[in-house]
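K.L.:
In order, the protein sequence lines correspond to chains R and V. The opening position of the first sequence corresponds to residue 1 in this note's numbering, with each subsequent residue numbered one higher. The opening position of the second sequence corresponds to residue 1 in this note's numbering, with each subsequent residue numbered one higher.
Note that these hints are calculated values from the structure, not bench results. Beta carbons are placed, not taken as given, at the ideal position from N, Cα and C, and that holds for glycine. Among the hints, a few may not be true.
To be verified - Which residues of chain V face chain R? A partial, calculated answer using Cβ under 8 Å: (1) 30; (2) 40; (3) 139; (4) 140; (5) 143; (6) 145; (7) 188; (8) 197; (9) 198; (10) 204; (11) 209; (12) 228; (13) 304; (14) 332; (15) 340; (16) 347.
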Amino acid sequence: MAAPSSTRIEQLGYLWTDERLRGIAFQVLAVAGLALFFAFIIWNTAANLKHAGLASGYGFLLDPASFDINQRLIDYTSTSSYGRAFLVGGLNTVLVAALGIAAATFIGFVVGLMRLSTNFLVSRIATVYVELTRNVPLLLQIIFWWVVILALPRVRDSISVADVVFLNNRGIRLPQPIFEDAFQLILALFVAGCIGTFVLARWARKRHELTGRTFPVGWSAIGLIFGLPALSTLFVGLPVDLDIPLLGRFNFEGGFNVTPELIALWLALSLYTGAFISEVVRSGILAVDKGQIEAARAVGLPPGLRTRKIILPQALRVIIPPLTNQYLNLTKNSSLAVVIGYQDIVSIGETVLNQSGQALEVISIYMAFYLTLSLLTSVLMNWYNKRTALVRER
Amino acid sequence: MFFRDQSEMLPERPAPITEVGVIGWLRINLFSSYGNAALTLVSLALLVLIIPPFVSWGLIDAQFSGDSGAACSGIGACWAWLDQRLGQFFYGFYPADAHWRVNVTALLLVPALLYVLVDNLPGAKFGRWFSYVYPLLAAYLLVGGFGLEVISTDKFGGFMLNMVVGLTGIVLSLPVGILLALGRQSRLPVIRLLSITFIEAVRGVPLITLLFVAIVLLQLFLPPEVSLDQLLRVIIMVTLFASAYMAEVVRGGLQAIPKGQIEGAQAVGLGYWQTMRLIVLPQALRISIPGIVNTFIGLFKDTTLVIIIGLFDLLGHARLLQTNPDWIGDVDHEAYLFSAAVFFVICFLMSRYSVSLEKQLSQDRH
């Protein structure tokens with residue numbers, strides 16, 4: 001019998017060579033370290049807050065904000081609460097992001113196709129655009145467009161487009177459509193057209209699969225969706241009035257104004273992200289196997305169908321994931337609005353922060369807002385990926 | 001004789017004039033169809049509308065000398081400020097008699113980068129060491145101490161500030177990013193979860209919110225007696241931000257390494273860290289270099305965000321000039337176009353480098 005104590009110590013040493021145990025020990029250490037780190041931060045924060053005489057918590061969101069917001073999608077006055085101000089800011093972020101995403105997608109697809117053009121000039125112009133916008137900081141572009149708009153003529157000397165749209169250093173004045181009651185009829189016809197097209201498309205696809213006979217779905221869709229409402233205007237007249245802006249004593253009366261901040265932010269975001277999207281589109285189309293296009297040609301598919309049925313479905317599978325990423329980038333980049341004073345969530349949050357001093361809470365609201373958007377997008381993305389993933393036959 | 005004598009070849013005829021030379025090129029590339037011809041004409045019209053007016057505004061009618069905006073006619077661009085302000089655009093408020101320190105730091109950056117990025121340079125062994133020591137040397141030169149006059153970091157500004165924040169951020173975020181990427185691939189669930197949470201949380205929020213954390217929250221998190229330099233706080237947050245992106249780039253590299261490499265390393269008895277350090281990471285990082293360069297380009301452009309928290313980088317000085325009473329109204333576009341040109345040159349060159357590297361890598365693999 002050897003000395004038992006020494007063996008036990010030796011055995012204890014062997015524990016360290018057990019990979020599983022070592023892993024557990026390492027993780028416990030990591031968690032403990034992290035807990036200590038957070039404890040340190042919380043301890044300090046609590047002490048600092050107490051020292052500064054600040055209360056923590058989200059109760060301040062109910063207090064009146066007492067500042068004005070000039071661009072709002074929902075009712076808001078300076079007596080509204082901080083919470084409401086955040087809501088207005090969040091909606092403004094969503095507004096500029098949605099406008100930007102629409103424009104950037106359009107620019108991206110057009111420029112992406114231009115870069116693939118066999119026309120030398122067209123593809124070179126597209127390349128120059130992409131390189132110029134991609135390699136200059138977005139913040140610089142935002143400020144640049146803002147300055148450009150602020151340097152436009154004053155209200156009195158507005159640049160007018162057909163006497164309906166006016167451009168000046170306070171932004172763009174657009175005519176405001178006013179809908180009459182009969183407009184509901186047109187709207188109803190429009191919805192009916194959409195539903196009709198959907199049903200028609202299903203029927204046409206089924207018939208095509210069964211009999212091989214095709215049906216001009218595209219043309220009938222245009223007829224149903226736009227033709228029906230257009231036709232009805234012959235009977236009821238155009239039930240939309242345009243409130244056209246008129247130059248008054250100091251400013252325009254009528255119509256509605258788009259602020260320089262919104263225009264600058266929207267322009268810069270769409271031009272910048274559009275360049276990135278064009279690269280996504282280009283690489284997506286290039287990723288389609290050449291054999292696929294040749295095969296489509298060999299079985300005699302006309303160019304339109306070739307693009308629609310062979311190239312696009314395969315290219316989109318490659319394009320969509322990075323495209324969503326770009327949408328998310330655009331939304332996050334819209335936070336740069338704070339520099340030119342577009343009242344998005346960050347900009348409004350900064351005002352709230354300066355007034356109430358609730359730094360921790362305001363920044364946590366920022367992060368929660370953007371993280372929710374990111375998570376929602378990635379959930380949608382995963383769903384889409386699952387739906388379009390190649391079904392491999394085994 | 002019904003058949004031509006086959007023993008003699010027909011003489012070669014030149015290709016039709018519409019297929020070769022300038023005309024052929026024009027026909028194939030610009031006028032291959034009516035639609036294409038129309039596109040060409042529209043593009044040409046566009047170029048004629050944009051380029052000549054821009055050149056005459058920016059160069060021909062431009063004013064290059066004068067002490068204030070009053071010297072500028074208003075027809076052409078006003079570049080008169082370049083003479084006075086160029087120094088500020090590049091050095092910020094860094095004292096003029098110490099500009100040489102910035103210059104030396106910038107010059108030494110060239111060999112430091114080359115020895116990291118290019119193989120088989122003469123004196124590579126010493127060069128590598130120089131690259132590793134360079135960040136310390138740069139900090140010493142810029143901040144001072146030990147015999148050099150100390151220059152406070154709030155004097156840093158202009159393009160030099162963009163370089164300092166961008167380069168420090170990327171250099172510091174590389175090791176953090178590698179650790180995070182390894183953590184994300186780890187077999188240990190807690191480590192994996194922590195890494196994923198950090199990476200996704202940081203990638204989910206805009207940099208600006210992190211900069212707000214640097215300015216208003218960091219001080220709250222620390223004991224009152226600790227007071228961090230503002231530039232340091234910015235660099236900490238920029239590093240955290242960049243390391244999440246870096247982690248994803250490195251993860252891409254890690255995933256491209258065949259499993260056999262790891263199994264081979266285990267078979268010869270290497271432990272986890274040895275396997276990673278000696279076998280996996282050298283290969284993975286090599287593949288990741290284009291991605292790292294792209295991350296740097298993004299980060300470099302993002303360094304302009306420091307103006308939001310009151311630092312004056314190149315863009316900040318452009319703003320200062322635009323709102324300066326001597327120049328107000330005369331340099332609205334010029335100040336920004338100049339800054340844009342500086343950023344463009346640097347970022348464009350880097351993106352070219354990244355593309356060529358990618359091509360080289362994909363050739364190596366085939």
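K.L.:
Give a verdict on every hint.
P.N.:
Hint by hint, here is what the structure shows:
Interface restraint check for residue 30 (chain V): the shortest CB-CB distance to chain R comes to about 6 Å, inside 8 Å, so the restraint holds. The interface hint given for residue 40 (chain V) is met, as the beta carbon of that residue sits about 5 Å from the closest beta carbon of chain R, less than 8 Å. The criterion of a C-beta within 8 Å of any C-beta in chain R is not met by residue 139 (chain V), whose closest approach is roughly 25 Å, and the hint is violated. With its C-beta approaching chain R no nearer than about 29 Å, residue 140 (chain V) sits outside the 8 Å limit, and its interface hint is violated.
Interface hint at residue 143 (chain V): violated, since its Cβ lies 26 Å from the closest Cβ of chain R, which is beyond the 8 Å cut-off. Checking residue 145 (chain V) against chain R: minimum C-beta separation of about 29 Å lies over 8 Å; hint violated. The interface hint given for residue 188 (chain V) is met, as the beta carbon of that residue sits about 5 Å from the closest beta carbon of chain R, less than 8 Å. Given the 8 Å rule on beta carbons, the hint for residue 197 (chain V) is violated: about 11 Å separates it from the nearest Cβ of chain R.
Of the supplied interface hints, the one on residue 198 (chain V) is violated, with its beta-carbon coming no nearer than about 10 Å to a beta-carbon of chain R, more than 8 Å. A cut of 8 Å between beta carbons decides the hint on residue 204 (chain V): the least distance to chain R is about 4 Å, and the hint holds. Of the supplied interface hints, the one on residue 209 (chain V) holds, with its beta-carbon coming within about 5 Å of a beta-carbon of chain R, less than 8 Å. Given the 8 Å rule on beta carbons, the hint for residue 228 (chain V) is violated: about 13 Å separates it from the nearest Cβ of chain R.
Taken as an interface hint, residue 304 (chain V) checks out: its beta carbon lies about 4 Å from the nearest beta carbon of chain R, inside 8 Å. Proximity of residue 332 (chain V) to chain R holds as hinted, the smallest CB-CB distance being about 5 Å (cut-off 8 Å). Hint on residue 340 (chain V) holds. Least Cβ distance to chain R is approximately 5 Å, under the 8 Å limit. Checking residue 347 (chain V) against chain R: minimum C-beta separation of about 4 Å stays under 8 Å; hint holds.
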